[in-house]
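Peer 1: Given next are the chains, with one letter for each unit.
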Amino acid sequence: MNDLNQRLLAAHGADDRAALVDLYSEAADGANTLDAACFYLTHAYIFALDTGHVAAPALHARLKSHGREE
Amino acid sequence: MAHTPTDLSSVRKPVETAQGLPNAHYIDPAVFQEEKQALLFDEWAGLAVASDVPEPGDAVPLEFMGMPLLLLRDKDGAVRVFQNICRHRGMILVEEPRKIEGAIRCAYHSWCYSTKGALVSTPHVGGPGHNTHAAIKRADLGLTEIRSHIWMDVVWINVSGTAPAFEEANADLLERWKEFDKPLYHGGPDSKFTLPVKTNWKLAVENYCESYHLPWVHPGLNSYSRLEDHYHIEQPEKYSGQGTLVYRQLKGHDGQVFPDFAGLSDKWNEAAEYVALYPNVLLGVHRDHAFAIILQPISTDETVEHVHLYYPAPQTDDGMRANNTSLWKSVFEEDIFVVQGMQRGRHAPYFDGGRFSPVMDSPTHCFHSWVAGKVENRRAMAQAAE
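Going down the list, the sequences are from chains A and B.
The opening position of the first sequence corresponds to residue 1 in my numbering, with each subsequent residue numbered one higher.
The opening position of the second sequence corresponds to residue 1 in my numbering, with each subsequent residue numbered one higher.
Just chain B, same shape as in the assembly:
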C-alpha cells in the first residue's frame, strides 16, 4: 500500500535549526520497510560476529529484517553468508545452529550443497535413481550468497550488493582506528549477552552517539568520567559518537589489568572511543578491550542488542572478564528505559521530531541527517525509475 512520504526537509538543516526525524520513522511499518531498503540493505549492515562460527563447518541460521540467512564458516575457514533456503522449493535449509559435517542437505528432497554454496547433488531429479537432468544446471543453482565482509569480528552484509567495497565505504573509520587493526579475541561465552528492547533500532543508535545523557543516566560514570572529559566524534554520512579522555582500566583484586593491544600510541593511555557506524553497529575501543553491539531490528518497536566483548590476547583472567562484562551490561541496561521511553514518546501525535542541543547533540543530529539523506536518495531513485 502506498504511503505518503514523510517530510524530511527540516532534518538535514544545520543542528541549530534542525528537527529530528518524524514519528513515522519510529512507529510506521511502511516507513520501517522503506528504511529497510534505504538504510540496511543498501548499506553495510552488521549481522553477527565471526566468532559465532569459530570452526569450519559451523553454521548458524539467522534472521535479518525478515530474511532467513545462514552464517557459515566454510571448509577452508572463510566466513560466508547465504540465503538459508534451498534453490529447489525454497525450503529452509538449516533450522538450528550446528556443525555441517559434510554437505548441507535440504530436509525436503535432499538437494545437497557444499559449505561454499555449490549445489553438489540433486537426487532423483531426473527420475528415481537418475540424479541429473539437462534442465538442472548445478553451476547456476548454488546457494545465493550475500555480500559480506569481516571487520572487528563483525560480519557486515550488503544485501543489495550495490554499496562500495567495505574498506572504501568505511575508509574514514578504518583510518581513525587503524591502531586497533589487529587480532581481537572474543572473550567467549561470558563475554556476550543480548538485550531485547522495546524500541526502534535507531533510538539505540541515537542514544549511543551522544555523551549528553551520561551524567543523568549513568551517574556512576561521574566519579571518573565527567561530561567535560568527553568529545564528539562526527563524520557526516558515515558515523558519529563520542570519546573520553579519562578512560581508567579495570583492575583485578591484586591490581592486575588486561593486556594492552600492541603498539598503541600514547593517545590511548587514557582515551577511549565509542562510535556508531551507520546503520546498526555500535563499537567501542579501549587500550585493553573492545566491544561491538549489533542492533537487530525486529519491528518498528522491537530491537535485540547483541553485545560482544574482545581482548588483545586469547587468554585473559576469567574473573576480570566476567567483571568487565557485568560492568558494561549494567551500563547498557541503564539505557533501556531511555530508548523505550523515547519509543513510547513517538506515539505523541504533536511531537515534531524534537530539537537538538547545538552543542551536545550534534552526533545524534549527524545520524538523523544521514537517515534523512539516505531515505530521500532512495525516494528520488524510485521516482526517477517511474
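The following block holds chain A by itself, in its conformation from the complex:
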C-alpha cells in the first residue's frame, strides 16, 4: 500500500488522471472494508468521468451495486 500511495501521489502530482483511475481502482480492490473500497472506487469513477475513460460505466455499476451511486 505504501508503494501504491507513492504512485497515487506521483499521479496526482503529474495530474495524470488516467493513471488515477487505475490506481484508485487498485486501491479499491485492496481495501479491507466496503466503505474503504467505495471511497477509492468513487475517486476512480470521478476521474474516469472527468476524462471520459472507458472504465466509467463499469465503475459506476460497481458503486451502484453497493447503493453508493444513482
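Hints listed in this document are in silico derivations from the structure and should not be mistaken for laboratory results.
Among the hints, a few may not be true.
[Claimed, not checked] Under the rule of at most 27 Å between Cα atoms (straight-line distance), these lysine-lysine pairs were calculated in the DSS-like manner:
id : chain 1 : residue 1 : chain 2 : residue 2
1  : B       : Lys192    : B       : Lys182
2  : B       : Lys99     : B       : Lys192
3  : A       : Lys64     : B       : Lys116
4  : B       : Lys251    : B       : Lys192
5  : B       : Lys137    : A       : Lys64
6  : B       : Lys178    : B       : Lys238
7  : B       : Lys178    : B       : Lys192
8  : B       : Lys75     : A       : Lys64
Since the structure is predicted, the reported quantities are computational estimates derived from the model, not experimental observations.
Given the coordinates of chain A, work out where chain B should sit on it, guided by the hints.
Peer 2: Positioned in the frame of chain A, the structure of chain B alone reads:
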C-alpha cells in the same frame, strides 16, 4: 445606493429637437448597472461566436457584465451557455479554454456535470464513499443554463429569460437579411482580432450607426465610397446603421475575388450594409464576406471589441483573407480616437447630451431613443413593483 434617475425626456423627442443621452449614461457606475439590466440582460445581447467552440466538448469561460459564464459545445454539437459555477459552493468550474473530455469536474469537491449541464455525480455527498443523499436531488441541481440563440454565428444571450424568442424579437432584420441566412464560414485565426478601447460600449454603437463621420475619419473611403453613396438604415426600437451602394470587392494580385454568397439578388452586386443590432452587436454584410463585432462592456469607460470575419466558403485564399482582415482592422482602428474622445468629453459637466444633425444623425438618434425607452420602461416597472 439609490441614485437620482437621469432626465431622459428630451432624448426621445424627434431628431430635430432631441438631445443625446446625458453624461451619466457614460460615466456613472450606477447608471451602468441600471443599463446592464435594462439594455443587456433583458434583451438578446451578443456574448461570443459559436466558432469559438468548434468541436463537441470545447469550453470557453467568459465574463459578461461581471457574470462568469461558460460557453460550451455539448457532446451532440449544440452550443450552450451556462453560469460557470458549481451548484454546490459556487466555485468557478472552468478557468481557461479547454476540451471537456468527459464531464465538467469541479476542482473543489469534484461534483461532476455533463456537457448538457446535468449533475452526474456528487462524490461523498452522503459521507465517505456514499455518493448520494436524499436531500441532494441531482435533477434539480444541474448547471444554470442561460437562454441562448445562434444567428450569424453570434451567440446571443437573454440573461433575464424574459425577451421574446430571438426570431420574433429580431424578425425585421432576419427578413431584411434573409438572403444571407446561409452557412457562414469563420476565416479562422487570421480573421479575428480584439480591440480594447477606453470608451463606454454605447459610443462604439453610436459611431458605427452613422456614415456622417466617414469622409473625416476614414478618408481612405472617399475614393470609392463617398458620403452620398450611403443611406440610413433605421428600424426604431430594434436596430440602425448605414448602407453603401458602391461596395467594391477586394481583389487579389491576379484579380481574383472571394466567392459570393449563393443566390444573392442583384441588389448586392454593389451594396453592403452595416447594422448595429441593439444592444451590442455590430454586423456587416457584403456579397463576399460578412463580419460581426461583439462589444463586451467592461466598465463605464472600458469596452473590448471582438471582431470576426466570415466567408461564403470554408476555404478561401490565405493572403486575400489576411488583407481583408488588415483592411477592416485599419478602418476600426481609425474609429478609436473618436470613441475615446467622446468618452473623455462626457466628463464635461456642462455637456447637454449634444444635438443631432436631423439629416445625418438619425441612426444614432434611433439608438439613443431605444436606450432611453428601455431605461424608462425598466424604471416604470421598478416603480410599479414598489
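Peer 1: None of the hints should be skipped; say for each whether it holds.
Peer 2: Verification of the supplied hints:
1. Lys192/B <-> Lys182/B: holds, 20 Å
2. Lys99/B <-> Lys192/B: At roughly 21 Å apart (the allowed maximum being 27 Å), Lys192/B and Lys99/B satisfy the hint.
3. Lys64/A <-> Lys116/B: holds, 22 Å
4. Lys251/B <-> Lys192/B: holds, 20 Å
5. Lys137/B <-> Lys64/A: It holds: about 16 Å lies between the C-alpha atoms, which stays within 27 Å.
6. Lys178/B <-> Lys238/B: holds, 16 Å
7. Lys178/B <-> Lys192/B: holds, 24 Å
8. Lys75/B <-> Lys64/A: holds, 24 Å
Consistency with the previously given hints is maintained throughout, with no hint failing.
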